[in-house]
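Protein chains in written order, with our numbering: chain A, 13 to 366; chain B, 13 to 366.
Hint data in this document are derived by calculation from the structure and do not stem from the laboratory.
Fair warning: there could be bad hints in the mix.
Any copy, or any two copies together, can satisfy a pair, since identical chains are not distinguished.
[Stated by the list, open to error] With a straight-line Cα cutoff of 25 Å, these simulated DSS-like cross-link-like pairs (lysine-lysine) come out:
1) K229 with K262
2) K50 with K192
3) K50 with K119
4) K232 with K262
5) K63 with K229
6) K63 with K318
7) K229 with K134
8) K171 with K144
9) K262 with K171
10) K110 with K171
11) K119 with K192
12) K262 with K144
13) K229 with K192
14) K192 with K318
15) K318 with K50
16) K229 with K119
17) K134 with K318
18) K144 with K192
19) K50 with K229
20) K232 with K318
21) K50 with K181
22) K181 with K262
23) K318 with K229
24) K229 with K110
The structure displayed is predicted, hence computed values, not measured ones.
There are 2 protein chains.
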Amino acid sequence: MAQLQNDVFLRALLRQPTPYTPIWIMRQAGRYLPEYNKTRSQAGSFLSLCKNPDLATEVTLQPLARFNLDAAILFSDILTIPDAMGLGLYFADGEGPKFERPLREEKQIQLLSAIEPEDQLKYVTDAVRSIKSALADRLPLIGFSGSPFTLACYMIEGKGGTDFHRVKKMAYERPDLFNKILQVTSASVIAYLNAQISAGADAVMIFDTWGGSLTSKAFKQFSQNNLTQICSSLTREVDGTVIPRVVFTKGGGQWLESLAETGADALGLDWSTDIATARSRVGDRVGLQGNMDPAILLTNPDVIQKEVGEILMGFGEGSGHVFNLGHGVSQFTPPENVLALVEAVHDQSPRYHR
Amino acid sequence: MAQLQNDVFLRALLRQPTPYTPIWIMRQAGRYLPEYNKTRSQAGSFLSLCKNPDLATEVTLQPLARFNLDAAILFSDILTIPDAMGLGLYFADGEGPKFERPLREEKQIQLLSAIEPEDQLKYVTDAVRSIKSALADRLPLIGFSGSPFTLACYMIEGKGGTDFHRVKKMAYERPDLFNKILQVTSASVIAYLNAQISAGADAVMIFDTWGGSLTSKAFKQFSQNNLTQICSSLTREVDGTVIPRVVFTKGGGQWLESLAETGADALGLDWSTDIATARSRVGDRVGLQGNMDPAILLTNPDVIQKEVGEILMGFGEGSGHVFNLGHGVSQFTPPENVLALVEAVHDQSPRYHR
């Protein structure tokens with residue numbers, strides 16, 4: 013593995029000294045960029061874009077050409093695994109992801125089996141290899157997956173963002189069935205992330221988008237256990253270089269102490285958690301990634317610079333902070349505000365790293 | 013004011029000794045009850061039901077006829093205030109509440125003025141008087157309002173449940189305008205809740221449904237300040253009897269210590285917060301109301317009884333707990349499960365009140 017020209021992001025995740033606070037942005041290759049929309053319309057759809065390694069490479073690199081970001085992230089979707097399992101991922105216009113064949117019958121669940129990524133999701137590992145080649149060791153590449161609980165939510169409900177009543181009814185009444193889904197998806201996530209690491213990913217992130225919909229107790233039982241299992245099964249080093257893991261449970265601010273026990277090197281924070289409080293709670297055990305409210309990017313550079321200053325001051329001195337939003341960037345974000353954000357983080361952060 | 017036959021709910025809110033843990037259920041008069049659906053279809057719509065004091069009385073009493081609940085809650089909507097301000101509340105089929113004329117122009121905002129409840133929302137105070145008369149002092153009646161921030165969310169976005177980007181853009185870029193909306197709605201909420209108290213409400217609850225969408229800092233600035241202002245301006249006693257106030261910020265589990273400073277007698281908890289942890293954080297200062305996941309009511313009496321046992325044990329011995337769900341009851345709940353819940357709370361709780 014060649015030395016990366018900029019590994020500030022990886023070192024910050026591992027709480028090693030860095031000259032400044034690195035930044036990347038969730039959904040940085042997305043609809044707020046005109047060049048992304050152009051490529052996407054050439055591809056025909058979001059899914060075609062994900063499934064075409066050349067185009068996925070093109071859009072992964074687009075934000076890096078505009079902004080001085082400290083990491084690239086694989087362009088893909090969190091729901092590739094259930095799609096590979098045959099549930100039929102699709103995107104209705106103006107709505108989130110959906111499945112054509114959600115899990116409604118016990119028989120469907122008993123027939124589920126873990127995916128083999130280099131076979132069923134080769135378009136993803138091909139994209140990782142292609143992006144790594146295009147990056148030419150300039151920046152680290154982040155691989156990612158949805159968490160088993162979050163995947164199970166979509167697989168059972170057929171869509172996201174609901175009250176997850178079907179999911180919870182199954183979890184509470186038929187924990188045997190629900191655990192079967194979680195076990196198969198956990199095994200798949202492990203194989204999938206390890207395949208991304210083998211293909212060249214320098215760090216991996218697990219998006220537990222819906223974990224925050226659970227009670228504290230159910231979260232430990234139905235999401236955290238699987239996150240821990242995954243972290244303990246991921247490739248730790250490649251050629252002597254540690255592959256850091258980031259776990260992000262949206263709405264999980266109350267459970268940071270527990271999440272710090274999963275084996276994650278760093279935790280993603282949504283914007284509802286005060287970063288100073290978060291660091292005092294877990295900052296001696298894990299790095300923190302976040303956590304500006306994406307709505308700030310809809311304002312103007314003055315407001316952005318002030319907010320960046322408050323988040324950097326909130327985290328305080330020393331390493332262990334990767335700047336990011338608390339959720340994906342909005343499609344209505346003016347790209348010049350992203351430029352202002354990246355510059356503000358790079359301009360203001362060196363004073364905290366002396 | 014005549015003595016209530018059952019004031020266990022009011023005493024629990026004030027952390028006074030009670031023989032058992034009282035229970036009521038958010039949205040207890042709702043679509044899971046066939047008799048409610050019948051009355052609602054007679055009324056023609058949800059809003060017609062709210063605006064007809066006789067029918068509002070009828071549906072308020074329906075769950076009390078079925079279940080041994082410890083409080084009644086006024087049947088109404090949290091958005092009556094902006095409707096009275098002229099924004100045009102309506103309900104599209106299968107969707108949440110919406111406004112025909114959301115606040116989009118500065119001029120609209122400058123023209124807003126506080127409502128006069130006995131004039132513009134007389135149908136609500138009439139309903140309170142009618143329900144009080146029908147209850148004949150058997151049980152306490154809860155009055156309620158949306159919080160100023162939550163009302164502002166609907167007023168600006170025109171609907172709920174979004175990412176509130178319009179709201180936040182205004183809050184961050186034009187705090188003067190946003191505060192104007194908050195001030196007018198705060199003054200309205202104070203007048204509205206005091207009018208409900210004058211009409212006979214024995215306790216009041218403020219629903220801060222969307223406060224959890226804010227950052228910690230923005231929550232204090234744009235929601236908590238107004239909650240504090242409201243609590244300090246509410247009628248404290250009627251004929252020597254204290255009128256307790258409950259503040260419920262959904263998604264506000266990280267801010268309980270701050271919320272305990274608002275002047276609320278009790279805090280509502282959603283299901284994401286562990287009630288044992290919540291009590292250890294704030295239980296010597298306020299009562300707690302909650303917090304079973306509504307999805308538990310979709311299962312069966314065995315699961316319900318077990319979950320009730322865990323929540324009661326979580327709160328532990330002594331007074332200060334009102335059992336409730338962590339959010340409104342689902343329309344898909346079998347009424348017999350609500351019966352099992354109410355019985356489980358009354359059966360299992362006396363051991364914690366010796």
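Status of each hint after checking the structure:
{"no.": "1", "hint": "K229 with K262", "in the structure": "both (16 Å within a copy, 18 Å between copies)"}
{"no.": "2", "hint": "K50 with K192", "in the structure": "neither (41 Å within a copy, 41 Å between copies)"}
{"no.": "3", "hint": "K50 with K119", "in the structure": "neither (42 Å within a copy, 38 Å between copies)"}
{"no.": "4", "hint": "K232 with K262", "in the structure": "both (14 Å within a copy, 21 Å between copies)"}
{"no.": "5", "hint": "K63 with K229", "in the structure": "neither (37 Å within a copy, 41 Å between copies)"}
{"no.": "6", "hint": "K63 with K318", "in the structure": "neither (39 Å within a copy, 46 Å between copies)"}
{"no.": "7", "hint": "K229 with K134", "in the structure": "neither (37 Å within a copy, 44 Å between copies)"}
{"no.": "8", "hint": "K171 with K144", "in the structure": "neither (32 Å within a copy, 44 Å between copies)"}
{"no.": "9", "hint": "K262 with K171", "in the structure": "both (17 Å within a copy, 23 Å between copies)"}
{"no.": "10", "hint": "K110 with K171", "in the structure": "both (5 Å within a copy, 23 Å between copies)"}
{"no.": "11", "hint": "K119 with K192", "in the structure": "within (12 Å within a copy, 57 Å between copies)"}
{"no.": "12", "hint": "K262 with K144", "in the structure": "neither (28 Å within a copy, 43 Å between copies)"}
{"no.": "13", "hint": "K229 with K192", "in the structure": "within (19 Å within a copy, 41 Å between copies)"}
{"no.": "14", "hint": "K192 with K318", "in the structure": "between (48 Å within a copy, 23 Å between copies)"}
{"no.": "15", "hint": "K318 with K50", "in the structure": "neither (33 Å within a copy, 55 Å between copies)"}
{"no.": "16", "hint": "K229 with K119", "in the structure": "neither (28 Å within a copy, 49 Å between copies)"}
{"no.": "17", "hint": "K134 with K318", "in the structure": "neither (44 Å within a copy, 46 Å between copies)"}
{"no.": "18", "hint": "K144 with K192", "in the structure": "neither (35 Å within a copy, 52 Å between copies)"}
{"no.": "19", "hint": "K50 with K229", "in the structure": "neither (45 Å within a copy, 38 Å between copies)"}
{"no.": "20", "hint": "K232 with K318", "in the structure": "between (36 Å within a copy, 18 Å between copies)"}
{"no.": "21", "hint": "K50 with K181", "in the structure": "neither (42 Å within a copy, 27 Å between copies)"}
{"no.": "22", "hint": "K181 with K262", "in the structure": "both (21 Å within a copy, 22 Å between copies)"}
{"no.": "23", "hint": "K318 with K229", "in the structure": "between (38 Å within a copy, 13 Å between copies)"}
{"no.": "24", "hint": "K229 with K110", "in the structure": "neither (28 Å within a copy, 35 Å between copies)"}
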